[in-house]
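Input sequences plus hints: build the corresponding full structure.
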Amino acid sequence: MLVLRSVAFNAIFYLSLIVQMILWSPFYFLAPRKAAWFVPKFWSRSSLWLYARVAGTKSDIAGEENLPAGSFILAPKHQSFWDTIAFFPYLDDPLYILKRELRWIPFFGWYVMKMRMIPVDRGSRSKALRAVTAATRAEFARNPRQLIIYPEGTRRPPGAEPAYKWGIAELYNGLGLPVVPVAHVAGLYWPRRKFLRYPGTIRARFLKPIEPGLGKEAFMARLIAETEAGCDRLLVEAARSENPPPLPPSAVKRLAELGERVPAAL
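The opening position of the sequence shown corresponds to residue 1 in the working numbering, with each subsequent residue numbered one higher.
Treat the hints with caution; some may be incorrect.
[Claimed, not checked] Computed cross-link-like contacts, DSS-like style, restricted to lysine-lysine with a CA-CA straight-line distance of at most 30 angstroms:
| id | residue 1 | residue 2 |
| --- | --- | --- |
| 1 | K58 | K194 |
| 2 | K165 | K208 |
| 3 | K127 | K216 |
| 4 | K58 | K127 |
| 5 | K194 | K99 |
| 6 | K165 | K253 |
| 7 | K165 | K194 |
| 8 | K165 | K99 |
| 9 | K253 | K208 |
| 10 | K114 | K41 |
| 11 | K127 | K99 |
| 12 | K253 | K99 |
| 13 | K165 | K114 |
| 14 | K194 | K216 |
| 15 | K114 | K34 |
| 16 | K253 | K41 |
It is worth saying that the hints were derived from the structure and are not from the lab.
If you're wondering where the values come from, they're calculated on a predicted model, not measured in any experiment.
Now the structure itself:
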C-alpha cells in the first residue's frame with residue numbers, strides 16, 4: 001500500500017504541476033505580478049491537499065504570528081522538496097535566489113522571470129554574494145518582499161549535524177532585516193532522493209524573528225541554536241507519535257544524543 005500510494009502521489013503531483021502551469025498561463029502572464037502570485041500559491045495549497053489525500057501525510061504549519069510585516073528573510077531548514085513549496089503561501093511577495101539555468105526551462109523559467117526572482121551564477125561565491133545582495137536590496141526598495149534562503153544550502157537528512165553556510169550572515173548584515181528561522185522534520189516523511197512518501201503529519205514552526213543588529217558570529221550562533229532546538233523538539237515528537245515514520249541513521253543518532261531510545265531504521 002505504501003508503494004502504491006507513493007507512486008500515485010508522485011504521478012499526480014507532477015501531472016498537477018504541468019496541467020496547472022498550462023491552464024493558468026493566460027491569467028498568470030496577463031495579470032499584474034502581485035495578483036499572479038495566486039497561481040503558485042494555489043498550486044502549493046492544492047499540492048499539500050493532494051499529499052494529505054493520496055499519500056496520507058498532513059501538513060501542520062504554525063507560528064504565523066512570528067512573521068514580521070514588510071520585508072524580512074525566511075530561513076527554513078532544508079530537508080525535502082516539501083520545504084521548497086510549503087511556505088510561500090504564508091508570505092505576501094516571496095523572493096527566491098535561483099540558479100540562473102532554471103530560467104531556461106520552458107514554462108518554469110517563464111514563471112520565474114515573471115516573479116522577478118534573483119538568478120545567481122555560482123561560479124564565484126564572493127562575486128555571486130555581492131551581486132545577490134545588491135539585487136535583493138534593489139527588489140526590497142521597489143516593494144516589501146520576503147527573501148527565502150536555506151542556510152545550509154543543500155538538503156540534509158533529519159538529525160544530521162548542522163552545516164550552515166555563512167552566506168545568510170552576509171545577507172543578514174548587508175540587508176539589515178530580521179531573519180525568521182523555520183524548524184521542521186519534513187525529511188522523515190518526504191525523504192530526499194527517494195520516491196516513498198510516508199504517512200503522518202509534517203509539523204513546521206515559524207520561530208521568533210532574529211532582529212537586525214547582531215554581529216555575524218552572534219547571529220549565526222543564535223540561528224543555529226534556535227533552529228536546531230526547534231527541529232530536535234519536532235524530531236522527538238515524530239519519533240514518539242503513534243505511527244512514527246522510518247528513522248534514518250542520522251535521526252536515530254540524534255535521538256540517542258537527546259536521550260531518546262528508538263529502534264534503528266530498517
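What are the numbers of the hints that this structure violates, sorted from low to high?
4, 12, 14 and 16
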